[in-house]
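**Q** In order, the protein sequence lines correspond to chains H and Z. Each residue of the first sequence is one higher than the last, beginning at 1 in the numbering used here. Each residue of the second sequence is one higher than the last, beginning at 405 in the numbering used here.
Any given hint might turn out to be false.
[What the hints assert, rightly or not] Short, incomplete list of chain H residues facing chain Z, as computed with Cβ under 7 Å:
{"no.": "1", "residue": "Gln84"}
{"no.": "2", "residue": "Thr158"}
{"no.": "3", "residue": "Asn168"}
{"no.": "4", "residue": "Leu238"}
{"no.": "5", "residue": "Pro267"}
{"no.": "6", "residue": "Val369"}
{"no.": "7", "residue": "Gly392"}
[To be verified] Pairwise CB distance ranges (calculated):
{"no.": "8", "chain 1": "Z", "residue 1": "Gln552", "chain 2": "H", "residue 2": "Gln289", "range": "24 to 34 Å"}
{"no.": "9", "chain 1": "Z", "residue 1": "Ser595", "chain 2": "H", "residue 2": "Phe119", "range": "24 to 34 Å"}
{"no.": "10", "chain 1": "Z", "residue 1": "Ser664", "chain 2": "H", "residue 2": "Gln179", "range": "32 to 42 Å"}
{"no.": "11", "chain 1": "H", "residue 1": "Gln179", "chain 2": "Z", "residue 2": "Lys708", "range": "43 to 53 Å"}
{"no.": "12", "chain 1": "Z", "residue 1": "Ser595", "chain 2": "H", "residue 2": "His31", "range": "56 to 66 Å"}
{"no.": "13", "chain 1": "H", "residue 1": "Gln69", "chain 2": "Z", "residue 2": "Gly499", "range": "49 to 59 Å"}
{"no.": "14", "chain 1": "H", "residue 1": "Gln69", "chain 2": "Z", "residue 2": "Lys675", "range": "34 to 44 Å"}
{"no.": "15", "chain 1": "Z", "residue 1": "Asn665", "chain 2": "H", "residue 2": "Asp41", "range": "33 to 43 Å"}
{"no.": "16", "chain 1": "Z", "residue 1": "Asn504", "chain 2": "H", "residue 2": "Lys126", "range": "24 to 34 Å"}
Derived from the structure by calculation, the hints contain no laboratory data. Remember, predicted model here, so these are calculated numbers, not experimental data. The C-beta atom is built at its ideal place from N, Cα and C for all residues, glycine as well.
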Amino acid sequence: MAERVLITGMGMITAIGETVTANLHSLTHQHSGLGFTRFIDTIYKEVLPVAEVKYSNEELARMAGVPGQPGYTRTSLLGLIAIQEALQQAGIRDMQQEPTGFINASTVGGMCDTEKVYFDIIDPEKEGDFLRYIDTLDCADCTQRIADRTGINGFVTTISTACSSSANALMYGARLIKQGLARRVICGGTEALTSFTINGFNSLKNIDKQACRPFDHNRNGLNLGEGAAYLVLESESLVKQHGSRVLAELSGYCNSNEAFHPTAPSPEGDGAYTAMKEALAMSGRSIDQVQYVNVHGTATWPNDLSEGRALERLFGSEVPPFSSTKPFTGHALAAAGAIEAIYSVLAIQHRLIFPNLNFAEKMEELSIVPETRLLEEQAVTTVISNSFGFGGNNASLVISKYEG
Amino acid sequence: MAAITPQHSFEGDLFAQPLRSNTGNLLQVTEPDYKAFIPPNSLRRMSRLLKMGLTAAQQCLRDSSLGVPGAIITGTGKGSLQDTERFLKDIRQYGEKALNPTPFIQSTYNAVNGMIAVAQQCTTYNNTFVHRGFSFEHALLDSILQLQEGAPHTLTGALDEMSEEHFYIKSRIGYWKKEPVDNVQLYNTLSPGTIAGEGAVFFSLSATPTAHTYAHITGLKLLYKPAVAGISAGLSAFLQEQQLAVEDISLVITGRNGDSNFEHFYTELDKVLGTVPQLPFKHLCGEYETSGAFAVWLAAHIMKAQQLPQQWFPMQADFPAAGFQRILIYNHFFGEQHTFVLLER
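Excised from the complex, chain Z in its bound form (with noise of 0.2 Å):
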């Protein structure tokens, strides 16, 4: 695995690292530096969401030491936003003469994915889902298929940037809070909208485990703008589906976000869930279309060393003692795209 996120993600001991903490209501990845792994010709001409797909994608092949990988899948709401504005602005400014193409290149959105193909000479399956809160489950489903047909690994990413102009974009339409938040204050701050995020994070999945593997992907279910009581069936579906109880799960890491008007969907899984212990993850991250990549990441971690980075967690009042056998993951996107992630040790 490799994440560059808002967080000390992308390098030294996970449980070592201080929070990073945020009141302008958009977290901001902490970029690695990218020469150790982009040779300085290419990367001059690389934009911000290039260079952090394409170097998560090489630290992650790193990390698992599985070689090329058998198919290349990722997911990303946005795509490189950066291109997008830049090549519309081109052809104002320029009045629709000599431009520059590479922008136009780098927004389309298997950009990365071709970089990485080349990069890594695979050339063997490359897809890329670009459906908003669906982008990187679906990636991890179409991963899944390609492991069940025969595939003996792939790399599978998402990857997604915000960029300032977006972010006021999407501030006109209600995404963000009017009232900047400190982001560990984000559960306590119940208003309209949330705060925005970015990220990029590619795992390898392969069929059979190593001696490095983080944790098992047992389940997926995705929930297409279900009713508020589709979430709490939905779940009851997916455990009976994984033939399991509730109380199975040790823990639950959700993506509560402050956000009032999706609120409900989360009130309604505390009906189901009891007393099972709940983590929220997106103070960490913050809200993006693959969000749930940081996720699956987070619980993979913990899954492994069987410990929670407790230092990420301040507005925790008691953490759960260890013993995760099973993490389930619930996030939604605005409501309209929900997903369940199951992971085993």
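With the rest of the complex left out, here is chain H (with noise of 0.2 Å):
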């Protein structure tokens, strides 16, 4: 029998709170964490809203514990100060008595600090410190940084698969797990807001000059956001033996790959369909078991109608309450899969079902609508959580309440 695979630890920070607790308070006040950002050289700086975490590298390095220190990205000191406070949930201190894997996920890398000095990194004229981040600009920098700083002894690894890049994280590490060849992994990611990715999603045409509308019938478009997330798992066994609180269980998830477009989901909703199906079907749990969806929701005109069209699909005329948290957190690309898995374990935890802010009208291909008020005092116990990503990349995780 495989081991189940439990959480037992979650740290945070996005543009709507530092930890945890921050976020779980903006989400029941429904406090937005869009606007314009403070820290990227664009000009679409007060025209492209955004979901920045408010703090400058400078504060963040004080926050992660390490400042003065030169060559940690914003991506890094993101993750550091995610990473810090997953481990002391999980009452993780000395690490030499469990192998402890890092399967970490970004998109970009350290592209948000090397892309203010690349022109100086190309040009034989220039010399200076710039040069120390020419190491920064790929997507394992950051994991190592974290890694090092936090003592990791096991796996190391980075996954980049887009917009689902962390909910792929949170498979491996899961699965490893499964078979036996890690007891505790951290997994989640990190992303930092850069000029490259506002660019390139606005080349898209993909990005609402106004706080994005998930679902609604004239939604347009997606607003970028930054933030990392990790999630402490655990083998049951190990759990066990330390006595360790669980917040929860990653009982399902399923990787497909909808092979119809790079950038566009199939109208059908076919990946997000099979991913949610095989996900439910791992964890054991049917249908009308699910109390919650938390939808990949980005507000682009054909995420929205095929993810949709996939919950029609699935849940038949019994579609259960399900709403984006995008609005709240901006797209955080490869962190958006664990903030949200986080926010799937807080519905479990205090059960909630949190609003889908910015909606107004029904989308006409659609006939149903996502929940836009704050439930309180809901049984919550299974949840799935969506990340749908380039490359036709479609990543469901079903998150449930643990009961051993």
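Two chains, two separate frames, one set of hints: put the complex together.
**A** And the structure:
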């Protein structure tokens, strides 16, 4: 019998808070993190809203416990802050007691810092401290900075599958545990806003000039966000051995590819449907046991249509309450899957269903609408969390209340 | 298997291909005729790494004749550098306005995976690892997990390119040798830095052997930033896990690359290996994040043919006799990610 995979710690920083508790507070008080960037040099500074973490790199370095130390990119700093909270919550003080793996996710690595000095780096006439950022351009730099600072001593790697990256990191960590290759793995992702990604999504005409409106008839694109989120995954036997507190169970997951188009989902939501269906089958739950779906819900025209159709195909006329939390956090790309996995755990722990902000008008192609109110005192025991990305990469996670 | 590398590795009889030599410290791949693999409309839009990756993947599937894979898993250290570079420049040149999104889309690290999935109509598991010298090896580990979980076979690959611009960037922080080196002389010129390389190498991995099987991958061990003594201890532990003695290894393929900054890891390995024959491979493909895939490709060919492409090793005075039962690969990327891979007949 394969090990069950349990969540024993969580840590995060997003535009709506620098801890899990602060995020929960903003979610329940309906405080969105959207605004205009203070830190990115772009002509869209006052045009395209983003969900930016409210601290400068200097402030983040202090919060991460590395003030004044050079070489930490914003991506690394966000990740370091989030993982330290996760370790603390899981009660991990001495990593040496149990080999601990780290599966990180990133879409553009340290681009946030390298893009500012790239044209100096390629200019033979220029010399200076900026050369230290050369090695931070890739996705592995942030992972290793975080691993080295926290004393990670198991598997160390990084996954990049666009917007589903950290959902895939969670899945890979869970599989390493189930196959007996590790007993504890910390999984998630970190993402900092960059001019590169803002211009990338803007060139695809995917960014709304207003706050994003998931599942609304008049939705007009996403807003980018940044942040980091990590979950500590442990095997059930390790949890029992240590008597650790369990927050929830990662009971199912599925990675499925659409094989349809590099950047667009299939209109019928084939990939989303398969990912949700298979993840649910793995969890051993039936569709009537799902109380909440934290949808990918980017508010791009094609995503919400495709994902909405997949929901209708899977759940028929009994689609459970669903909402996109992206109007709170923006779309934090590689970090989104882990951020929303934590929100799914919070929904179970605090018996909540989070509101889908900015929704006004039902999509004419769908018969369903997202939940727009904060629902309290809900018996939430099983949540599906969706993350879909470029390259047709679809990932669904099923997070359940742990009943040992 | 299929490999687009600086050698003539893509077509024909490997054992009859001459060694490609180079003195520019940057080994670039020998590009095949992509038109046989990619329709002209798509080919025009695709950047170099995408062409390399998609072509190697398709050739690999032709070679294995296994049909649509149960999973597509790749590793890449840098993704499509040319697209990343181009989009950074476009942002600046066009003042962030009216940008062509193609380089942004193609710069995404999983772009090649997505294209292979579309070309093969493969809707199952798809993943991309982007962790320097572990990128390919974690793709391999993920593939082994997939096979154990029931996937009939996987398409597992590694791809990296080196642009002139990125070669220059990395030269600024001492990655490459300052003096031009003939790749054949790489191991005789121990000095700081090495020579750069690139490649796209794909494997069809199946849980059960076929008539066409090259080799059996029986072990994989990854060490992150070990101390020097951790290499010999790691190898001993690995052999113990495999219930093998050093003498059971027929051949060791090492990632030696003439870089005096990291040679001590290989000399540490020498202590454990004693008289087991060794062959280096970096003069053939250069140093890059996913060069481990080149080593596995080479080892698998040697295993199947039970012979060595001796013409590729002019620096070698003598060669071990045939009878390769087990080939061990040891590689590391600039001293940080160290990997052992074991292949059996």
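**Q** Work down the list of hints and note, for each, if the structure agrees.
**A** Outcome of the hint check:
1. Gln84: Violated, about 20 Å.
2. Thr158: Result: holds, 4 Å to nearest chain Z Cβ.
3. Asn168: With a minimum Cβ separation of about 6 Å from chain Z (threshold 7 Å), the hint on asparagine 168/H holds.
4. Leu238: The hint is violated - leucine 238/H has no Cβ within 7 Å of chain Z, the shortest such distance being about 19 Å.
5. Pro267: 16 Å, violated
6. Val369: 29 Å, violated
7. Gly392: 5 Å, holds
8. Gln552/Z x Gln289/H: 24 to 34 Å: Holds, since glutamine 552/Z and glutamine 289/H (Cβ atoms, about 28 Å apart) stay within the stated range.
9. Ser595/Z x Phe119/H: 24 to 34 Å: Given range 24 to 34 Å: holds, Cβ gap about 31 Å.
10. Ser664/Z x Gln179/H: 32 to 42 Å: 40 Å, holds
11. Gln179/H x Lys708/Z: 43 to 53 Å: 28 Å, violated
12. Ser595/Z x His31/H: 56 to 66 Å: Roughly 58 Å apart at Cβ, these two residues keep to the hinted range, so it holds.
13. Gln69/H x Gly499/Z: 49 to 59 Å: 35 Å, violated
14. Gln69/H x Lys675/Z: 34 to 44 Å: 36 Å, holds
15. Asn665/Z x Asp41/H: 33 to 43 Å: At roughly 36 Å between Cβ atoms, aspartate 41/H and asparagine 665/Z fall inside 33 to 43 Å, so the hint holds.
16. Asn504/Z x Lys126/H: 24 to 34 Å: About 28 Å separates the Cβ atoms of asparagine 504/Z and lysine 126/H, which means 24 to 34 Å holds.
Checked against the numbered hints given earlier, the structure breaks hints 1, 4, 5, 6, 11 and 13 and satisfies all the rest.
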